[in-house]
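K.L.:
When the letters of the sequence shown are read in order and numbered with the UniProt record's numbering, they come out as residues 1 to 348.
To be clear, the hints were calculated from the coordinates, so they are not data collected in a lab.
Treat the numbers as computed from the prediction; the structure is a model and nothing was measured.
Hints may be right or wrong, so weigh each one.
Calculated pairs, DSS-like style, for lysine-lysine (alpha carbon to alpha carbon, straight line, at most 30 Å) [said to hold, decoys possible]: (1) 46 - 123; (2) 186 - 259; (3) 197 - 9; (4) 343 - 307; (5) 197 - 259; (6) 165 - 186; (7) 42 - 294; (8) 9 - 98.
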Amino acid sequence: MDHNFPALKNDLLLRTLRGEEVERPPVWMMRQAGRYLPQYMKLRKKYTFFERVETPALACEITIQPIDELEPDAAIIFSDILTVPQALGIDVDLVKGKGPVMGNPIRSVDDAFAILAEDVPGKLSHVMEAITLTRNELNGRVPLIGFAGAPWTLFCYMVQGEGSKNFARAKAFMYQHPDAARHVMKELTKATIDYLKAQVAAGAQVVQVFDSWAGLLGPEDFNEWAMPYLMEICAAVDEVPVILFAKGSWYALERLSFKSNASALGVDWTVTPEYAREATRGNIVLQGNFDPSKLMMPAEEIRRQVKRMIDRFGPQNYIANLGHGILPNIPVDHARAFVDAVKEYEAK
1 MDHNFPALKN DLLLRTLRGE EVERPPVWMM RQAGRYLPQY MKLRKKYTFF ERVETPALAC
61 EITIQPIDEL EPDAAIIFSD ILTVPQALGI DVDLVKGKGP VMGNPIRSVD DAFAILAEDV
121 PGKLSHVMEA ITLTRNELNG RVPLIGFAGA PWTLFCYMVQ GEGSKNFARA KAFMYQHPDA
181 ARHVMKELTK ATIDYLKAQV AAGAQVVQVF DSWAGLLGPE DFNEWAMPYL MEICAAVDEV
241 PVILFAKGSW YALERLSFKS NASALGVDWT VTPEYAREAT RGNIVLQGNF DPSKLMMPAE
301 EIRRQVKRMI DRFGPQNYIA NLGHGILPNI PVDHARAFVD AVKEYEAK
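Sequences and hints are given; from them, build the entire structure.
P.N.:
Encoded structure:
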């Protein structure tokens with residue numbers, strides 16, 4: 001598909017991901033399109049979550065809201081990591097106060113072997129339409145990021161059947177039925193690769209893989225149940241830069257930086273910038289790691305802390321971001337203080 005997209009005016013993120021020297025770090029925020037914005041809450045009252053995700057015009061509007069409001073250096077398509085389980089036949093509902101609930105989770109070995117990655121991009125064509133539409137509507141203001149959940153994280157939801165602090169049922173299934181679990185992981189990996197490649201073809205200029213629950217795995221289990229699939233995805237999606245965010249897996253930073261084909265690694269707030277740089281030998285772009293709760297601080301203090309964070313990571317090979325998604329109760333002015341602090345950064 002040859003889209004004739006508008007020329008990109010702000011390529012700071014892409015230059016950083018290519019390892020080029022930049023005048024300041026780029027900045028964006030995970031979940032920047034969402035519940036802390038009053039203009040999003042208006043749409044939330046009118047449409048259900050999946051109506052918003054599955055209607056390209058709405059997804060486009062929501063993606064652009066924070067760009068208009070805060071002017072970060074990238075847009076990330078408004079969607080959800082659970083679109084892939086949906087495409088694999090899992091019923092996903094968003095229950096108020098509870099989060100995602102699967103109507104037909106994987107409960108048996110037979111359920112697991114019934115999962116097959118077939119025509120995932122076709123089943124999720126609304127996401128590609130939203131990406132193409134958004135890329136045009138952005139008119140080159142900033143690059144557009146596509147994303148997907150990582151196989152381990154999606155497996156957690158598909159077996160647990162709902163959100164959880166420890167995903168004990170998913171981990172038990174993996175230990176009790178490793179062959180069935182491996183089958184699901186392989187199908188999820190294939191689905192994710194097809195999905196991300198389709199997003200790139202539709203107009204995504206960068207993609208991020210969210211392994212939100214990677215930190216539930218110890219180092220050895222991570223090496224077996226997360227790492228190989230992350231590496232496979234990064235190797236396959238070679239058309240655009242890939243940002244890998246394996247939350248909580250500080251012990252894997254070194255291996256991920258040397259063994260995966262990722263252009264950048266996301267880090268959460270439990271890791272110091274110094275440790276992250278040392279573990280990766282300064283060899284890879286790092287993204288993060290501002291604690292989203294710190295956005296409750298007074299704006300002046302946010303600015304001071306952001307400057308300190310950039311000083312510690314260093315302004316090169318670095319993307320300023322939060323260590324996880326922005327929280328719904330953050331005042332918009334505080335989100336703006338975060339973005340502005342990065343834009344005003346000057347190394348002393």
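K.L.:
Would you mind marking each hint as holding or not holding in the structure?
P.N.:
Comparing the hints with the structure gives:
For the suggested pair residue 46 and residue 123, the alpha carbons sit about 25 Å apart, so the restraint of at most 30 Å is met. Between residue 186 and residue 259 the alpha-carbon distance is near 19 Å, which keeps this suggested pair within the 30 Å criterion. Distance restraint check for residue 197 and residue 9: the Cα-Cα separation of roughly 24 Å lies within the 30 Å cut-off, and the hinted pair is therefore satisfied. Only pairs whose Cα atoms come within 30 Å are accepted, and residue 343 paired with residue 307 is accepted, the gap being roughly 10 Å.
Between residue 197 and residue 259, the direct Cα distance comes to roughly 21 Å. Compliance with the 30 Å bound is thereby established for this hinted pair. A hinted pair counts as satisfied when its Cα atoms are at most 30 Å apart, and residue 165 with residue 186 qualifies at roughly 24 Å. At most 30 Å may separate the alpha-carbon atoms for a hinted pair to count; residue 42 and residue 294 meet this at roughly 26 Å. Using a Cα cut-off of 30 Å, the hinted pair residue 9 and residue 98 is violated, with the two alpha carbons roughly 41 Å apart.
The structure does not agree with numbered hint 8 stated previously, though it agrees with all others.
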